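Colleague: Residue-level listing of the chains:
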Amino acid sequence: MTVAQHMLAQNWDDIRLKLYSKTSQQVRAALASPRPTWEDFLALISPAGEPYLETLALKAKKITRQRFGNTVSLFVPLYLSNLCANECTYCGFTMSNRIKRTKLDKQAVANEVAAIKAMGFDSVLLVTGEHETKAGMAYFREILPAITPHFSFVAMEVQPLDTCDYRALKQLGVNSVLVYQETYHPQRYGHYHLRGNKQDFSYRLDTPDRLGKAGMKKIGLGALLGLSDWRTDSAFTALHSERIQNTYWQSRVSVSFPRIRPCSGGGIDAVSAITDKQLVQLICAYRVFLPDAELSLSTRESPWFRDNVVPLAITTMSAASQTQPGGYSEPSAALAQFSTEDTRSVTEVTQAITQSGLEVVWRDWLPGFGCEV
Amino acid sequence: MLTIANTTFRSRLLTGTGKFSRPDIMQAAIEASESQLVTLALKRVNNTAKQADPTLTILRSLPVTLLPNTSGAANVDEAIYAARLARELLGTSWLKLEIHPDQRYLLPDPIETLKAAEVLVKEGFHVLPYCSADPVLCRRLQDAGCAAVMPLGAPIGSNQGLRTIDFLRIIIEQATVPVIVDAGIGKPSDACAAMELGADAVLVNTAIATARDPANMAYAFARAVACGRQAFLAGTASQRSTADASSPITDFLGALS
Chain A
1 MTVAQHMLAQ NWDDIRLKLY SKTSQQVRAA LASPRPTWED FLALISPAGE PYLETLALKA
61 KKITRQRFGN TVSLFVPLYL SNLCANECTY CGFTMSNRIK RTKLDKQAVA NEVAAIKAMG
121 FDSVLLVTGE HETKAGMAYF REILPAITPH FSFVAMEVQP LDTCDYRALK QLGVNSVLVY
181 QETYHPQRYG HYHLRGNKQD FSYRLDTPDR LGKAGMKKIG LGALLGLSDW RTDSAFTALH
241 SERIQNTYWQ SRVSVSFPRI RPCSGGGIDA VSAITDKQLV QLICAYRVFL PDAELSLSTR
301 ESPWFRDNVV PLAITTMSAA SQTQPGGYSE PSAALAQFST EDTRSVTEVT QAITQSGLEV
361 VWRDWLPGFG CEV
Chain B
1001 MLTIANTTFR SRLLTGTGKF SRPDIMQAAI EASESQLVTL ALKRVNNTAK QADPTLTILR
1061 SLPVTLLPNT SGAANVDEAI YAARLARELL GTSWLKLEIH PDQRYLLPDP IETLKAAEVL
1121 VKEGFHVLPY CSADPVLCRR LQDAGCAAVM PLGAPIGSNQ GLRTIDFLRI IIEQATVPVI
1181 VDAGIGKPSD ACAAMELGAD AVLVNTAIAT ARDPANMAYA FARAVACGRQ AFLAGTASQR
1241 STADASSPIT DFLGALS
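Taken in sequence, the protein lines are chains A and B.
With my numbering, letter number 64 in the first sequence gets 64, and the count goes up by one each step, no holes.
With my numbering, letter number 232 in the second sequence gets 1232, and the count goes up by one each step, no holes.
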């Protein structure tokens, strides 16, 4: 049974009921457990867990410092395209949104790489939009050789691909791929994704398995918090992450916590908005449940929130992000996927990190590791 | 004196460079530890055209031998690639060989480690392999020509202490190369215990780097290692489960001619 098949066998309503039935006693037991289980994770993110946030945060901080030391890694997103062949009601790149569409050519990519390198980054996340024909493997084969030699670590946020394509990406120097399920609620997923290949819930759910089979070094998972009940979606994400980690034990799991943000075209209101306090609860619960996972926080969150949450449990964060293609060499907010909250410069972010007693890690990978097929 | 690959060291405490909050804190800790052999992950070395790696710059200014490690390598090919790069970049043949494909506990892969050691020894590296506390594996690594063996006390970074003590005892008993207990040492008393057991040295990183006061902790570890070594040399008295009082029988037996 693949991990995706195991996930498909889970019942949303049963998990939701279980989660919302957790008691204070179960939360205390979860906090006291030396090896918390997924059931413990449910207790920690449940409403019953909310009053125990301080204990949870202290526990998360202790685990993070022991496992990762006093460090946090920085990366920057590089948007290659805003082309999209999907209709997703919550996203600024959705195909019906009348924005100027663009895809970076080799020269534009070279300009972006130079601008990013000048900022000091050595780890990059390539974001491609989801357009199989115009921003697919042929484009990646053309463009990646202009990018990967300049960075020690290259991650990609790209539409789901087949296992053989992931192997090809590895050979091209990609070390990590992130594909978010958005929501694990199949019916609601259908409501949000109206046209395009992204409508295929099962193929997307199977993506981390294909990445694992391809031997991708890091596999990114996540739900877009707010599309469905955030607690239940997080319960699914955590279970998915744990299973992927155990099955594909030579790969590492990375979890992100995107919340719905306003975007051009308006976007949608969250069905189940997660408060700042609840997001801290969620992030800390992840650290306690998955002590070795990479937990990542983007510039969607405010400076104040990031400065306070990063020392508790975050291991990787972006900084000075531009979310439109060409944004570093020719900024133009009109093309952005979503608006960022933390607009500070790299210098300002690194100063804040240093002030919180952490050292910035710019480089944590040797180019050439993980390229074998 | 500790001798590895025909090089002698006064200190039997090896330290690392990861997990510190600032380079100056790392420097103070290494100085306080009096360590002469310091490991650093090649994957973290960030030499750019504009600026030399700050950690490397500090290490070069200290009286220490660099021990680059292959952390992040998941198989024999990656480890060999990293080792050659380390020699090229840092100009040293010292190498801490680490191959841990397991992403959760970072446990070393015995098969890949032995294969890589065999190749790297032939290429002239002083190979110090991080390995499981497996007495047979340690003998195989020794036979392959490794300059020392580095069995783990517990999973790396776990601070759990000497969970593998019974196997460490066998490894120490059998070894003809130095045994350096690596990984899992959480507090100075763990280091002291390893040295009392007869380990030739210990490597400590997390327990120092993540202490509230790293330099003071490094100093404490240095003392503990020296203390444990002295106790080992002095010959610790054997343990008993009961008190050793003289009894009527003892008196009788003693009176026998």
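Hints are computed from structural coordinates only; laboratory data are not their basis.
Since the structure is predicted, the reported quantities are computational estimates derived from the model, not experimental observations.
Glycine included, every Cβ here is placed at the ideal spot set by N, Cα and C.
Warning: the hint list may mix true and false statements.
[Said to hold, decoys possible] Just some of the chain A residues that point at chain B, by a computed CB distance under 10 angstroms:
#1 K18
#2 Y20
#3 S21
#4 R252
#5 D292
#6 V361
Colleague: Hints first: check each against the structure and report whether it holds.
Modeller: Structure-based check of each hint:
no., hint, result
1, K18, "26 angstroms, violated"
2, Y20, "30 angstroms, violated"
3, S21, "30 angstroms, violated"
4, R252, "4 angstroms, holds"
5, D292, "5 angstroms, holds"
6, V361, "7 angstroms, holds"
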